[in-house]
Amino acid sequence: MKEQEIRGLVADVKEGTLSRRSFMQKMAAVGIAAPLATQILIWNDVAMANATLQYKPTKAGGGGPLKMLLWQAPTLLNPHFASGTKDQIASRIFYEPLAGWDKEGNLFPQLAAEIPSKANGGLSADGKTVTWKLKQGVKWHDGKPLTADDAVFTWEYAADPATAAYTTGSYKDITVEKVDTHTFKVIFKEATPFWADPFVGVAGMIIPKHLFGEYKGAKSREAPANLKPVGTGPYKFAEFKPGDILTGERNADYHVKNQPHFDTIEVKGGGDAVSAARAVLQTGEYDYAWNLQVEDEVLKRMETGGRGKISAVPSGDIEFIILNTTDPWTEVDGERSSVKTKHPTLTDPAVRQAINLLIDRDSIQKFIYGRGGTATASFVNEPKQFKSTKLKYEFNIEKANKILDDAGWKKGSDGIREKDGKKLKYVYQTSINAPRQKTQAIIKQACQRAGIDLELKSVTASVFFSSDVANPDTYTKLYTDMEMYTTTQPQPDPERFLNQFTSWEIATKENKWLGRNVSRYSDPAADEAYKAAQKELDPAKRAAYLIKVNEIFCEANVILPILSRTRIAASLNNLSHDHSGWDVDSWNIAAWYRS
Amino acid sequence: MAGSTLASPSADPAAGAAVSQVSVSPGRETWRRFRRHRLAMASTFVLGLLVLGVIVGPWLWPVAINDIDFSAQLQGPSWAHPLGTDDLGQDILARMMYGGRISLAVGLAAMIVATIVGVLIGALAGMSRKYADPILMWVTDLFLSLPQLPLLLLIIYLFREQLKAVFGVEGGVFVLIVVVIGGLRWMPVARLVRAQFLSLREKEFVEAARAQGATKMRQMFRHILPNAVGPVIVASTIEVSSAIIAESTLSFLGLGFPPDIPTWGRLLFDAKDQLDTAPHWALFPGAAIFLTVLSINFIGDGLRDALDPRRVI
Amino acid sequence: MATYLIRRLLIAIPSLLGISVILFTILALAPGDPFSEMATNPNVPPEVREALRASFGLNDPIMVRYLRWLSNMAQGDWGFSFASRINVDDLILQRLPTTLFVVGSSQILALCVALPVGIYAATRPYSVFDQIANTLAFVGFSLPTFFTGLLFILIFSVTLDWFPFVYRSDIAATGWRWYWEMFRQAIMPITVLGLFQAASYTRYVRSAVLDVIRLDYVTTARAKGLSERRVTIRHITRNALIPVVTLVALQMPAVFGGALVTEQIFRVPGIGSLLIDAILANDTPVIMAVTFVFSCLVVLFNLIADILYGWLDPRISFS
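Chains as they are written, first to last, in my numbering: chain A, 4 to 598; chain B, 115 to 427; chain C, 1027 to 1345.
One chain only, chain A, in its complex shape (with noise of 0.2 Å):
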């Protein structure tokens, strides 16, 4: 679709002769996703869409107990210090942001009185400035009114490099003005299309100012209310044990009229997911379990019983394998994997080409993840107006043999080619996971066939993820020719994301490996295609731009995406939950409901 007609549509949906929903439709037919047309229709000042769950109980309370389970235990409750999912899941049921993301990728106003568009004022021209307004009467849980002071000091707050918190990125370079009382102004540096990243979703809860105030810096470890948060959201603090069960009770006040509608809240950690799937699907001992990655053969059986029902839905999340084209095992100015180093027999392109046609992506959805992801060619999948149109994937092993042959490498008596002495043995690394495990079974006997020879390797979790300066098995040394894990996309806009294919980001011992470009590949064209993206304010421009990063990398087969992961979520057939793969599981949580 042309840029001229997206543009006839828009003015269609704004005199009202087009629904925004046949808009979305027509969007998604020519493949743009929904968090992008909402971004179009919004730069083009037509309103938001509402929330996606149908609020039914006429009034507050009632509901009785609400029983969450995380397989992974929360351990503590600012929601700036936290640091994993589980946290922040947590934090967010006593606090809220200005807005947070729904699972078709639309703003929705949460602390905000409505999202800022350039008819209400809320946004500038030079995309350099965001005016919020606070919703009125809205309280604190110790009766204390929300103001804009408090959205001021959040800012400040997360900003202060003493404070360290998590959510620092979306602050430091920022600044922040109160307006009046309930109205402030966000200011950017430069002219920046992706605006709704502080004080929105995940990094944007506001935190009470006459509480953390004395607190900020260097103290900010020793304030009571990390562990006994005040905020603003459905449910107020009752108790919390670190690691083990969180407890919530009813905010009698909360600003939504009928809302919420249980009368506690319970979250329970620790585990595994599949025992986890087990408590909801098959006991009904819990009403909602989180993060379920399990092989979905698994799932379905446990879904039979009656009881609970699986629900996924798309994330930015991608599971993908890093050809390593420089060399893993030559120690150069004390590392290996060195930008000045060339890989033995990977930099051939055709090793690569033949590598990626050897990776039997429909059997790994259809037999490992199921509805736990899509088999995909491009890095970027969601939202879709990012997706690349042009990357195909292809299983062949008869092809990959052809094009290994024509390029010179001979099966050697061992059956393992081979071209001036040196042969195709990899070392394939990936995390320990069991899909992950199975993944590397898949193509390690596709890559036989092929003459490759893979030897597999899978470090702990704990270690790969790591930013461990010493440890070799991190994930960002890529001290192994193959590598294989999924990368989180946090907002339904790809731009910092893909900040992984720069040049200025490649992981080195310079940086101390802390470099976000762990494949160590680059190219001009992608640096450059990434800078024009970064300030351009035409939503279909910028779209093309971070497009073409993508698909340079995939097209190079240096990234071989495997899987468009999906976030999994079992709840009880009773329970009307709302979760998003742009925000976490509890940012709508006041809308739940038991029918």
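No wet-lab data here; the hints were simulated from the structure.
Watch out, some of these pointers could steer you wrong.
[Unchecked claim] Taking beta-carbon pairs under 10 Å as the criterion, some of the chain B residues facing chain C (in silico): (1) Ile358; (2) Ile375; (3) Leu405.
[Unchecked claim] DSS-like cross-link-like pairs, simulated, lysine-lysine; straight-line CA separation at most 30 Å: (4) A:Lys303 <-> A:Lys147; (5) A:Lys303 <-> B:Lys386; (6) A:Lys345 <-> B:Lys278; (7) B:Lys278 <-> A:Lys413; (8) A:Lys425 <-> B:Lys386.
The beta-carbon is built from N, C-alpha and C at its ideal position, and this holds for glycine as well.
Dock chains B and C against the given chain A, drawing on the hints supplied.
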């Protein structure tokens, strides 16, 4: 009461043999007595079969262990797959025979390491009346309190590459696992042996040996150890099963064999989520571990009875 | 005896210090760092990770960190958890009652099964009872607890729907109902753990009793006309108890340390699961505190076992 014991036990096999008219060596005497122990003999046979199965089996049943067949997922036993298939359609019989070599070798080797280290340290501490005892017990306490997981991660990180370079992928991991499992599990044996020694070294028959001028070493190995062997045999047989299971735990930490090597413990672990629909997957490796443990235990019992001259067989 | 006790306790102090140095070094050298979850998150800039490392003192040399830990510990400050950002002693105290209850009960259960079964089996070696007891014991320790635990859940929770399998530390009910709920949720973890332990205890008890049952003094006791019951309890069991005491002393620290696998399966909020979570999150202060308390208990129970040996067999002396 122990103190009122009238006669001292003379458990020295040499002494037992000397009494009999026909002169037979202690070893042969033990073997003669062992052969009379029917369960022990049957167990030796079963264990022999298991060992033979994992060594010769792969030639008789030449199915690849990693042949993925999605059309045959989780099938029960059939002619094509005598022990059924797992969730990738791989043949469980072939996998069990391949993995069994490792499981049996790890189980037995780790048992031997743990027993030898434990008996040595326990015996030295139990015989010592001066400094050796507190020092060795300090070492035992230290090993008992080591947090195993971080320690294992450290060991693997420090030594895996070096061992891999010397012994190859599987050989290096094997040495590492045997050392790790054996090295972290000798402490109960040491404590048990020491406790037995503390009690036995005061008994009359040891005093008699001492009076006859037996050296400390001779007292230890000829007189006390054979009498302390009961708990050692139990401990080392239990060790076999825990080593087989511990190996699978290690591979889940990324410390064990590469993930595609189907050891028995690993098969059992992989099978657990499908326990309700595909019980055969768990049943066969479970039964193999059980049979191994059972036969080793009965062999242990037979040995014990054969070594104890007071037992009439 | 008193001087012996005092001497042993005095020796315990340097030996615990030595153990703590080694533990601390291992934890400091072990791979992984506490802020790994941030690593995959593109929103967290690397500077924040560095700042956090610095603020928790992770960039100091090991010796400095150890001395800081030691001096804090001497003042009763157990440290501050990286992952939960609260004091470590609070965390441990929250978990302690549940751990003592579940693991302690399972130990008692194990002894209650193992002692009578082991002794009875040994007095009638190779009888039908002995054979059955042995076979069950072999099954018991051939099957890992992750497996038996799952089997229990499938049978008693999923199929029969008798017991819940998620352990809750805060049962809302009061009075009898509380005890009933507690019983229902604790029975599966206690049984799984207790039977696993009982299996190996039974084998040890049987073997130890077999060792003494044919000794001359037992025959003498029988010849004196003592009842079989009295012979078994007073004469056989007491002398056979030395290995059992050793094993129980080895297991007692675990009552504090928890049982990792079983706690995970049944979601028992015990110290074992605290430790494993801390290890996976590389939360060193928590790991250090738990393992250090554990090693104190190891040393203490070793001492208690030594004293009990002397009581069980008066010829053992430690002068």
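- prompt: Hint by hint, which ones does this structure get wrong, listed from lowest number up?
  reply: 2, 4, 8
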